[in-house]
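Chemist: Next come the chains, spelled out residue by residue.
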Amino acid sequence: MTDVLNIVEAPLSWIILLPAAGALLNGLFRLKSTLNGLLATAFCFAAFVVSILQFLKFPEASKLADPGYLWFQAGHVKAQMGFELTPFMSVMLLIITGVGTLIHLYATSYMSHDKSQARFFAYLNLFVTSMLVLALSSDLIGVFLGWEGVGVCSYLLIGFWFEEDKNARAGIKAFMTNRVGDLGFLVALFVAFAYFGTSSVSGIMEWIADPGRAAALPVWVLTVFALAIFWAACGKSAQIPLYIWLPDAMAGPTPVSALIHAATMVTSGILVIVRLWPIFATQTEVLSVIFWVALSTALLAALMALTQRDLKKVLAYSTVSQLGFMFAALGAGAPTAAFFHVVTHACFKALLFLTAGSVIHGMHDEKDIFKMGGLRKKMPWSHVAYLVGCVAIAGFPFTSGFFSKDLILTKVFESRGVLGYGLLLLAAMLTSFYMFRSYFLTFSSTPRSHEAEHAHESSAMMIVPLMILSLLSLFVGWLEIPHMWGHLQYFSHWVESSGAKAVEGHEVEAATEWLLMGIATIASLASAFFAYVKYKKGPVTSSENFAWKLSFNKFYVDEIYDSFILKPLRKIGTCLSLWIDEYGVNGTLHGSFASYRITGQLASIFHTGSVQSYALLMLLGLLVVWGVVNVW
Amino acid sequence: MIATGQLIFSVAIFLFCFGALTFFTKRSAVVALMGIELMLNGVNLVLVQAGQIYKNAEGTSLVLFVTLVAAAEAALALSIFVILYRKYGTLTLENFRSLKG
Amino acid sequence: MVSILFWPLLSILVLVPFRKQNWAQWVNLLLHLPWVFFLIELIKVTPSGAPFGLMETYGTFPLFKSALVLGADTLNVSLIALTIFLSFSLSFYFLGHSKISQSFLILFQLLNFGTIGSLLAADAFLFYIFWEFMLIPLFFLIGIWGSENRVYAALKFFSMTLAGSLALLAGIFFIVTKTEVQSLAWSELSRNAEMLSAAAPWLGWAFLLAFLVKVPVWPLHTWLPDAHTEAPTGVSVMLAGILLKLGVYGMLRWVLQVFPTLYWNSTDLLFAASVIGIILGSYGALRQTDIKRMIAYSSVAHLGFVVLGAISTNATAQSGAFFQNFAHGLSTGLLFLSFGMIYDRTHSRKLDEYGGLASTNRFLAFTFVFASMASVALPGLPGFVGEFLILSGTFLQKGWWVLLPLMGVVLGAMYTLQLVKGLVFGKVSPLVESHPISLKWNEYVSIFPFLVGLALLGLAPQFLLAWINGSIPVK
Amino acid sequence: MNQATDLIAGAPTVFMWVASFFAIFFALIVFVSSNPISCAVALMGTLFSTAALYFSLGNFFVGAIQILVYAGAIAVLFVFIVMLLDLKPQKLKNLPGRLPHFLFSGLVAGLLALFLFRTIDLVPKATEDSSASILSATQYAQYFLSQYQVPFQAAGLLVFGAILGAIVLARGHLGKKEHS
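Protein chains in written order, with our numbering: chain R, 1 to 632; chain P, 1 to 101; chain V, 1 to 475; chain E, 1 to 180.
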């Protein structure tokens with residue numbers, strides 16, 4: 001690390017305590033109407049203000065630290081509950097608290113008529129707290145505390161309307177998949193404590209930096225560590241094997257999907273990898289694994305999103321596919337590109353989800369886009385916001401999506417060559433196609449259902465956050481202009497300064513970069529136009545061919561999981577335990593009891609009751625004994 | 001020829017066995033009791049014989065006690081039989097099965 | 001130490017005159033106060049270093065080479081603290097409870113006396129006496145106050161545990177007669193441990209068997225689901241809270257330090273048994289329809305983790321195992337207690353008859369979810385601290401074998417969430433609808449210490465960990 | 001008096017043979033007969049013949065006791081009871097039913113006799129020491145009051161208990177009207 005590391009003491013724990021206090025208060029007191037919501041938003045906003053203060057400290061200080069207290073310590077495991085803030089994480093902090101506050105404000109009016117608001121906002125604040133713990137804690141084990149805390153909050157929030165069974169089941173599915181992912185994190189922690197002796201990120205970095213000790217490590221340690229962290233990231237950020245929970249997570253209220261399943265929680269996987277980047281930088285095989293998994297996720301999710309009818313499901317699959325983009329950037333060895341896309345994605349995906357929420361709110365909880373249509377006139381503000389969101393995500397020129405996606409595409413081109421670039425470009429085209437499909441189906445042509453006629457615009461408190469987010473998703477891109485146009489590479493400076501150097505792939509000359517940018521823009525514009533042509537008038541009753549069915553039923557992945565993994569495991573386990581417990585051990589036990597009873601009954605045969613037979617038996621006994629004595 | 005001692009001993013054996021047989025097979029309680037008296041006599045015979053052989057009074061004293069016990073036992077048993085007869089009307093041993101386990 | 005041991009007996013004498021039920025319940029509560037005072041005194045004076053740091057001998061049994069020797073160190077004093085904690089909060093729960101009669105309370109105090117006795121005993125024979133003594137009140141408590149087939153459960157529990165401890169008695173007789181050990185005091189036994197292990201190979205196993213039955217290690221665990229399901233709420237809280245831990249304490253104290261060679265040879269076998277216990281215990285819980293049996297099977301899985309830690313050679317897993325005792329005691333205790341309160345009103349244990357508790361009684365639903373999160377070892381709650389230490393210790397020692405118990409962590413989450421979904425979330429079932437649950441003040445007070453305990457041990461467990469780390473047998 | 005001593009030592013006299021024959025014969029009748037009265041009489045017969053055997057052995061005191069107590073009291077008691085309860089002769093009706101029982105007891109008794117007869121040769125020969133003489137009743141009495149003082153008292157107590165028992169059983173019974 002070139003510049004001298006002056007670590008500044010900072011009250012980071014305050015950022016966490018504020019939303020925690022909000023959660024506690026909301027939990028305890030059920031205030032009337034929207035007061036709970038406002039209380040939660042206030043606390044979140046306070047956290048936002050404090051994080052801005054910390055953000056401003058950054059040019060001088062290279063890292064903020066708050067030692068916190070010793071959580072637990074036994075044998076070789078020492079868990080310190082301390083907090084630290086690196087430059088790039090402070091940006092993420094702003095996203096979490098900033099977008100979080102907007103979403104809290106939006107949720108206050110969105111949930112205004114719900115009967116248990118206090119519980120909702122308690123969970124929401126609890127979520128923000130655990131997300132902050134995840135982002136801020138200095139030790140990996142603290143990160144894990146936030147990691148699982150976030151998992152529990154998403155379980156509680158997805159299953160918030162617990163009356164319907166399917167919500168509760170969706171919550172369980174989310175928690176279980178996250179739990180399977182967290183096993184990876186646990187393994188990483190075990191390896192860290194066993195081989196690095198500590199789980200604090202800075203401690204591990206020193207261990208890696210010092211060549212002497214790094215050489216002493218068995219060769220597999222770093223690879224296993226990186227793979228375990230990636231497995232946990234797959235669980236949390238919904239990559240190929242463990243993405244199944246995200247589409248079902250739409251069962252929760254829309255602000256939840258916006259906050260958790262778009263902006264903050266799903267990006268935690270990338271945050272951890274970027275923080276531990278020096279380890280990943282050295283593991284080329286792991287990076288290629290990450291790249292190909294991410295690429296296939298992006299493609300698969302994009303394909304699945306093509307035929308979805310439920311507006312939120314479309315956005316859910318698009319989130320999975322955008323996360324695929326971010327991980328692809330990581331796989332291509334460019335943490336800056338990945339993190340930049342995290343930021344831009346947080347803005348426009350939150351915007352898209354919130355607009356979808358206001359649309360559904362206006363349409364009295366009707367989610368099916370085939371039944372919508374013609375909402376342009378009825379919900380003008382939502383329409384504008386949704387359009388901006390689509391434009392940004394599709395990557396139209398000069399929007400934030402354009403810059404971040406283009407950066408990823410160039411980085412992928414540099415390190416993974418044309419094949420990787422081509423597939424990712426295809427995914428990008430699919431993204432803009434299905435986004436504009438959903439746009440035209442909801443907003444253009446004529447209303448197709450009773451609710452569509454009477455759709456009403458949402459209240460101001462919902463529109464204001466939308467407008468702020470749309471401005472953000474338009475202009476946040478300007479922070480990282482490609483170096484040919486100007487030297488305002490604010491972002492990469494941020495990320496590199498916190499220790500995440502990009503892997504030096506062969507730099508691409510400016511000309512090819514121009515070419516790549518041109519191809520990307522033309523591709524997204526073309527697919528948008530294609531969507532316009534196809535869906536201008538309304539839903540096209542496409543023939544139920546095999547490909548369509550495959551995509552609509554999500555490639556039957558859920559069914560495959562159930563029939564090949566979940567059901568057999570449960571079946572084998574339960575009947576195994578049934579057989580062994582009930583019949584095996586209990587059997588032997590009852591057998592032994594039964595044997596006592598049987599011998600008892602045998603003995604009673606001799607008690608015929610007649611005195612004479614007793615005397616006879618006694619004499620017989622005597623003779624037998626006498627005989628034995630004589631013979632022996 | 002067999003000596004006196006052996007003759008007396010064999011008589012005692014016969015008496016004892018016949019007493020046992022009567023006790024086992026007789027269906028009337030009183031006769032069963034007689035069987036017991038027979039067995040006791042068999043024992044007395046052996047005791048007397050031993051007393052004579054060793055020329056001391058132990059044999060005789062034991063016989064005396066045995067006889068006394070036999071008398072007490074007979075008295076009590078028979079009065080019990082009387083009650084049983086009154087209560088159950090019969091004295092055949094098969095009917096008294098209350099001990100059945 | 002004697003005061004804390006004989007206080008339950010004294011409180012029985014005090015309880016005798018109070019025939020009327022609620023009088024007895026109030027007196028029982030008040031009798032707990034001096035007990036807590038004695039505990040604090042004992043905690044102040046307990047050394048944290050050598051095992052059985054503080055020894056007191058009172059008189060001897062001439063014929064049997066043993067003496068009334070009581071010993072205290074942080075291991076058993078911390079468990080005594082847990083016992084008193086559970087008994088204290090339970091005594092709040094008992095106030096105004098229809099089924100808790102005077103004889104119940106007397107038997108309950110007898111149980112406490114047995115528990116604390118076997119914890120404090122520093123003499124093999126004395127330990128055996130208290131170990132057996134505990135069974136008697138438990139047998140009657142389950143046998144009389146339990147639910148449907150309580151007699152079967154009580155009989156099964158009694159016979160299995162008795163069979164185990166008879167092996168212990170045989171071992172003690174063998175030591176007294178065959179070996180030249182001067183006295184049965186723990187210090188004496190542990191001093192010539194090699195001679196004891198050499199004396200007879202089966203001797204160590206005789207001791208170990210008694211404890212394996214008590215900590216339900218996998219093959220010997222079938223008494224636990226029946227005993228826990230049929231036992232009344234108070235007893236199942238004590239059973240899950242402290243009595244299972246006695247088995248672990250026994251293993252650490254009387255087998256690890258008295259027969260070290262045997263203990264370390266049998267670790268592979270015990271590892272297999274505990275791992276199977278974890279997995280089959282979780283699957284056992286998964287297939288239950290009866291809620292209390294589900295919680296009981298979860299205890300089998302959790303205790304599997306504790307045994308996993310207790311047989312490892314490094315200090316991390318050992319202190320993790322001992323800490324897990326407290327975590328499990330509180331979380332399962334709270335689960336049983338909160339469900340007990342529901343059961344007192346609805347009298348049904350079938351999971352599918354329940355649903356939607358969250359909409360009728362919010363506080364109880366919160367407690368239940370909180371307790372099940374603790375039992376799922378969610379970080380921030382004590383379960384995680386214990387389980388993490390155990391698993392990282394096992395990883396250090398056994399390497400990639402740790403993946404098997406890790407599966408148990410996922411299975412644990414599966415059945416707990418299934419239980420929570422069935423009971424708390426979902427549509428409001430007619431049963432829950434027709435029995436509106438409004439908790440009395442003493443029930444709130446009895447739940448409160450558990451919540452505080454779980455939160456405190458979850459976020460700041462270091463005060464307890466530092467205290468017990470001193471006398472963990474394996475350094 | 002020494003003539004008596006060789007009585008035991010010498011060959012059994014004719015009188016002894018006759019007495020033992022009668023004893024065994026009467027015992028057989030007790031066993032065989034199905035009529036209780038004949039059993040009772042046969043029992044008396046056995047008692048008298050054993051008394052004769054005692055005389056033949058030279059132990060006149062025991063013989064006298066036998067006749068007085070046993071034959072005189074107990075046998076008479078039996079006859080009295082048989083007469084009182086006028087027990088009908090027990091026809092051996094379900095003989096087949098009891099056959100296994102008969103056979104089994106016969107087997108056991110036979111086995112017992114076999115075992116005992118095997119030990120018959122262990123019976124010691126009478127010692128030729130003529131110094132010991134047949135003791136008279138007074139000498140027996142001294143024995144009872146000196147060496148066997150305690151058993152003697154116990155016997156007295158036993159008899160007392162028996163008498164009490166008999167009275168209580170009989171009297172208690174009369175109180176209640178019982179019909180069979």
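Check each hint, because a few of them may be wrong.
[Said to hold, decoys possible] Pair ranges (Cβ atoms, derived): (1) V/195 to R/588: 33 to 41 Å; (2) R/566 to V/36: 30 to 38 Å; (3) V/48 to R/197: 19 to 27 Å; (4) R/52 to V/401: 44 to 52 Å; (5) R/586 to V/36: 35 to 43 Å; (6) E/117 to V/195: 56 to 64 Å; (7) E/120 to R/600: 42 to 50 Å; (8) R/593 to E/156: 34 to 42 Å; (9) R/588 to E/161: 50 to 58 Å; (10) V/166 to R/241: 48 to 56 Å; (11) R/220 to V/313: 17 to 25 Å.
[Claimed, not checked] One-sided and incomplete, this derived list gives chain E residues near chain R with beta-carbon spacing under 10 Å: (12) 21; (13) 108; (14) 111; (15) 112; (16) 115; (17) 171.
No lab work stands behind these hints: they were computed from the structure. Note that CB positions come from ideal geometry on N, CA and C, so glycine has one too.
Chemist: Would you list, in rising numerical order, the hints stated earlier that this structure does not obey?
Modeler: 2, 8, 12, 17
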